[in-house]
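Peer 1: Now for the letters of each chain:
2 protein chains.
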Amino acid sequence: MNAPDFNAVCPLPVSEYPRVLMAHGGGGRLTHQLIENVFGKAFSNPILDTRHDSAQFCVPAGRLAMTTDSYVVHPIFFSGGNIGSMAVYGTVNDLAMSGARPLYLSCGFIIEEGLPMKSLERIVFSMRDAARRCNVQIITGDTKVVDKSEGNGLFINTSGIGVIESSVTIAPRNVQPGDVVLVNGDLGRHGMAIMAIREGLQFDSAIESDSAPIHEPVLQLIAAGIEIHCLRDLTRGGLAAALNEIAEAAGIKISVEEKSIPVREDIHAACEMLGLDPLHVANEGRFVAFVPSKNAKEALKIMRQHPVSVGSIMIGSVSETSTPMVTLKSTIGATRILDMPSGEQLPRIC
Amino acid sequence: MNAPDFNAVCPLPVSEYPRVLMAHGGGGRLTHQLIENVFGKAFSNPILDTRHDSAQFCVPAGRLAMTTDSYVVHPIFFSGGNIGSMAVYGTVNDLAMSGARPLYLSCGFIIEEGLPMKSLERIVFSMRDAARRCNVQIITGDTKVVDKSEGNGLFINTSGIGVIESSVTIAPRNVQPGDVVLVNGDLGRHGMAIMAIREGLQFDSAIESDSAPIHEPVLQLIAAGIEIHCLRDLTRGGLAAALNEIAEAAGIKISVEEKSIPVREDIHAACEMLGLDPLHVANEGRFVAFVPSKNAKEALKIMRQHPVSVGSIMIGSVSETSTPMVTLKSTIGATRILDMPSGEQLPRIC
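Residue numbers (the numbering used here), protein chains in the order written: chain A, -9 to 340; chain B, -9 to 340.
Treat the hints with care, since some could be wrong.
Identical copies go unnamed one by one, so any copy, or any two together, can satisfy a pair.
Here are the simulated lysine-lysine pairs, DSBU-like style, with alpha carbons at most 30 Å apart [what the hints assert, rightly or not]:
#: 1; residue 1: Lys108; residue 2: Lys291
#: 2; residue 1: Lys243; residue 2: Lys31
#: 3; residue 1: Lys287; residue 2: Lys249
#: 4; residue 1: Lys31; residue 2: Lys319
#: 5; residue 1: Lys31; residue 2: Lys284
#: 6; residue 1: Lys291; residue 2: Lys243
#: 7; residue 1: Lys243; residue 2: Lys284
#: 8; residue 1: Lys284; residue 2: Lys108
Treat the hints as calculated values from the structure; they're not laboratory data.
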């Protein structure tokens, strides 16, 4: 962040500009005005407010986690969220998947010229609310404006820092035969919420994205001493991609049962209409946890105490194999390979 | 980063895809192939190679700095660099401006469908070389692909973490009457290198961007015990924006002398042709340092030992004022206010 002064003279209120101009990204007075009046006001905290080239903070000695994600979801507003809240939750969730307590976020905005200022403000204020909900601070940022195209209006990068307070190592390679697979709720809603808007589909009730932070149940599992072997959020590529990656990394076989995997009726119907497999569809508030079977019951009990994982359930188990694979036992009893999604099903879903 | 397995099966070499497809951002097999065969190979290091949702590293107790920047420069290749090397140096430089030793970077790629794979590879390999030059590691990343437009081909976000090893506080508010202003070399080359391509200008010799890492002279100034009050890199908005921001933040007057400010003849000529002020033009390897006048001579001596700041020179001084301002004494002896650039001079310069 190239640091403008918090008290810089801002002769015109942002409201005089109904849309974002190229000059808002030029590094001059309009950039400073935008930073002070929109980002600075929404995200204000002692670290951000120093307006340095870098944000500064103190840490105790130990393990930190760092992650980054760029969000290009199209459209930028959808049922159950928007690109801003999603950018905060998504990066918080990536930190949580390493067992880290999320602390600080950076955010980089790439804005398309002509984006309504009101849309930008609405997104920024949802980021503020999302950050408060997750108890993280947005401590540094950057703003660029690019030429008007047929594009999205806005891309957001969020990078995050968290602290790993336990000595547990949570990693795909730690998954072992005898582990069970837990998932924290129904699948496919985020992807289908986006597709429903894009394809103009009408349903009896709106499909809401599951976009939500999942760090709280994870931190509580760790605090309770559950021996978590691996965690993975079920974003692009859905459950199928996540399980295949883990099977490869650990050199094991994962067997899941279709009848245990929670997918809502309307999501099933929408997927069928579009020729999609709900197990390939992206989620933004769902994760799998691999734990030893002896811990399954207690882990599910803990997860179900949190609204975001009230629908937690065991969907499968891990066994030895000479060839890593994921199998799915269908509702009619047949078993098939659950493959990695190969091509592009759902572009710009996150 | 949604972590694909390092050993995931990649049935087709990346070279079978001459251009980036939407599917390279879909989270399926093509995404993993791109990550393994391009990013994973170029950036390989023990932290990245674990392919976690987050990167993990250990730190001693103390002060860290974090920064983020998105790069949207157009065109993506230019004389003296490209968007990739610039993204590494720019974030390294932002960390250095807080007196931090740069350690780790994340990088988020937003690729336009249709970008030649060779261009992407060339950029990724310059990022690798730039990271080596700065002794930083790229430890986590993210890849998205967006629809083809008339755009840039590629946006890159780099976020960075550095460690602040001294107890010095380097900040605009610390600038004091009696300080002098040092700059590490000639101004305006990055902006004019980009504009020359865009406007199709021909010069006797190519204008090369000054894009370069500036952390080494900074860390050496700190190690030598120079009492640095403030550092600022002269990117968007150039020298004029940087000095105005600092004058406002510190509530002081900064007086600079035009005849001391190094600007090459060809840059002057190019600026005149395009109606630009070289003091408003972006640089990517230039910074100002505010130090007490008693330290000026030693500071310049240290700075001049590094190739990136061999042309270091004193350009002005700081005095008390009731109204913060920046004044420029011109070569003919007249003094005028050097104002903050107001509008958009040079869109997408970084």
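Peer 1: Run every hint past the structure and note whether it holds.
Peer 2: Hints, one by one, checked against the model:
1. Lys108 x Lys291: Intra 43 Å, inter 51 Å, cutoff 30 Å: neither.
2. Lys243 x Lys31: between (51 Å within a copy, 27 Å between copies)
3. Lys287 x Lys249: within (19 Å within a copy, 76 Å between copies)
4. Lys31 x Lys319: neither (52 Å within a copy, 37 Å between copies)
5. Lys31 x Lys284: The answer is neither: 49 Å in one copy and 39 Å across copies each exceed 30 Å.
6. Lys291 x Lys243: within (26 Å within a copy, 64 Å between copies)
7. Lys243 x Lys284: within (19 Å within a copy, 70 Å between copies)
8. Lys284 x Lys108: neither (52 Å within a copy, 51 Å between copies)
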